[in-house]
Structures are given as structure tokens and as C-alpha cells.
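Student: Sequence:
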Amino acid sequence: MHDAAVQRVVTWARTPGFTLIELLIALAIVSLITLMLFSGLRLGTRAWEGVDAVSERVSEVRVARDFLAATLSQTRPTILMLDAQPVIVFAGDQQRLEFVAPLSEQVGVPGLYVLRLGLEARGADDALVLTRWLIHPEIIEGSGNIPAWEPLTSESRLFLDGLSTDIDLAAGAFGRTPLLDRVAEFEIAYFGLADAAVEPDWHDEWLDQALLPMLVRIRLATPEQSWPALVIRLPQRLL
Numbered sequence: 001m002h003d004a005a006v007q008r009v010v011t012w013a014r015t016p017g018f019t020l021i022e023l024l025i026a027l028a029i030v031s032l033i034t035l036m037l038f039s040g041l042r043l044g045t046r047a048w049e050g051v052d053a054v055s056e057r058v059s060e061v062r063v064a065r066d067f068l069a070a071t072l073s074q075t076r077p078t079i080l081m082l083d084a085q086p087v088i089v090f091a092g093d094q095q096r097l098e099f100v101a102p103l104s105e106q107v108g109v110p111g112l113y114v115l116r117l118g119l120e121a122r123g124a125d126d127a128l129v130l131t132r133w134l135i136h137p138e139i140i141e142g143s144g145n146i147p148a149w150e151p152l153t154s155e156s157r158l159f160l161d162g163l164s165t166d167i168d169l170a171a172g173a174f175g176r177t178p179l180l181d182r183v184a185e186f187e188i189a190y191f192g193l194a195d196a197a198v199e200p201d202w203h204d205e206w207l208d209q210a211l212l213p214m215l216v217r218i219r220l221a222t223p224e225q226s227w228p229a230l231v232i233r234l235p236q237r238l239l
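Under my numbering, the sequence shown is numbered contiguously, ending at residue 239.
Think of the hints as simulated: they come from the structure by calculation, not from any bench. A portion of the hints provided could be inaccurate.
Across the chosen pairs, the derived CB separations fall in these ranges [what the hints assert, rightly or not]: (1) L32 with A229: 49 to 59 Å; (2) D166 with A70: 14 to 24 Å; (3) E187 with D66: 16 to 26 Å; (4) I33 with F67: 48 to 58 Å; (5) P228 with E155: 29 to 39 Å; (6) M214 with P102: 17 to 27 Å.
In this text, a Cβ means the ideal position worked out from N, Cα and C, and glycines have one as well.
Model the full structure from these sequences, guided by the hints.
Tutor: Written out as C-alpha cells, the structure is:
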């Protein structure tokens, strides 16, 4: 009987199992695998956040390009009276552009607007800003906080000092809207038959012209994204 008890003890003592060192090694391996999994999850999250940020910036450029294409393609040859003198409302150079086009009720008041487009410092970067005046005597001539419209010329400033780049007044009849932040390149060119020209050609500016250009080309890029030049055909209507 005594021998049987000894045999049972010996048999139990020799049952296979993990030593303390083996358990510590196993725990270390599990901890390492867990750490790698969480690191992978964080890396994946950062990657997706990066993709989302890039997609958002690309979408902003696309929206700005689509707006410019849609609006310029609806340009209306317009003459306004200023100080009893007729003024053709279309002018521009490489960095600025002014024209007339319809805007929908999304801006507040539907109708024809004088639209000015150009770069302006916004924080540490340049932003593409659109300024609009509804073609209405009280808006064009200015009233209250609304600045009076003046034709764009080679000497005129595009934007008014001290005026916010994001503003809506008179139920949207006057306003300024940043179309795109952080602009790295913005350049405009005009194709058409300029005064005294024999054949149409590309020009860096279109000022004091009797006719509208046939085409407007816009190069627009951000620090992260470069796009092909946008070429818009303008409606050829008589003034």
C-alpha cells in the first residue's frame, strides 16, 4: 500500500505542464502580439484619416473648379451706367476677373450678379475669394455696410480693406465667399479678338475691350494637388 502511494505521488509529479520560465515567455509573446495588433490599428486609423483628409482637399478643388466652369459658361454681356457713362462689365488680368452671371437662390437672392474673383491673404495662406453684387441700384450704388461697386481696372484693388472674406449682407444680395483655401497657383488667360487685333489670340489681360473673349483659361492648384488647366467657352452674345 505504501508503495502504491509513492507511485501515485511520483506519477503526479511527472505530469506534463509549463514551467515558470515557459509561462513568462508565453506571456511576453502574447503581450508583444497584442502590442503589434494595437500598433497596426493605430497605423491603419492614421492611414484612413490621411486618405480622408486628402479626399476632402481634392473634393474642395473639384467643387471650386466645377463652380467656376458652370458660372463662367453662363456669363452675360452686360452694360451698367456709372456716372452717366456706359460700362461693359467684363475685365480681368492674370490674377483677377470680373464678370456678370446668374446665381441661384442658394446665395439668398436669385438674379444677375457682378462677380469678382481673385486671391486674397487668409491667415498664413492665399485663398480664392468670390465677391458678389446683385445687379440692383441699392446694391450696386452701395448702402449701409454694402460697399459700392466700381469697375475693375488695371489700377483698382480687387478687395476692400477691412472687409471679411466670408460675409453675407442684404439677405445675400452682397457677399464674399472663399471658394478655396490654401491656393498655390491661380492664373487666368483670355482667348479672343482684342481691340485692333486681326486674329484671336491668347492674352494675359482683358481690359477696356468692346467684346468678350471667346475662352477663359484658369490654372488652379493647391500645395497638395495640381489639376489640368480649366478652359471655359463663354457665350457669344451681342452687347
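Student: Within 17 to 27 Å: is that where the Cβ-Cβ distance between M214 and P102 falls?
Tutor: At 20 Å between Cβs, range holds.
Student: Determine whether the Cβ-Cβ distance between P228 and E155 falls within the hinted range of 29 to 39 Å.
Tutor: 33 Å, holds
Student: Just tell me: holds or violated, for the beta carbon distance of I33 and F67 against 48 to 58 Å?
Tutor: 51 Å, holds
Student: Quick check: does the Cβ-Cβ distance between E187 and D66 fall within 16 to 26 Å?
Tutor: With Cβ atoms ~19 Å apart, the hint holds.
Student: Verify the CB-CB distance for L32 and A229 against the hinted window 49 to 59 Å.
Tutor: Holds, since L32 and A229 (Cβ atoms, about 53 Å apart) stay within the stated range.
Student: Quick check on a hinted range of 14 to 24 Å for D166 and A70, using CB atoms only.
Tutor: Between D166 and A70, where Cβ atoms are some 21 Å apart, the hint holds.
Comparing the model with each numbered hint stated earlier shows that all of them hold.
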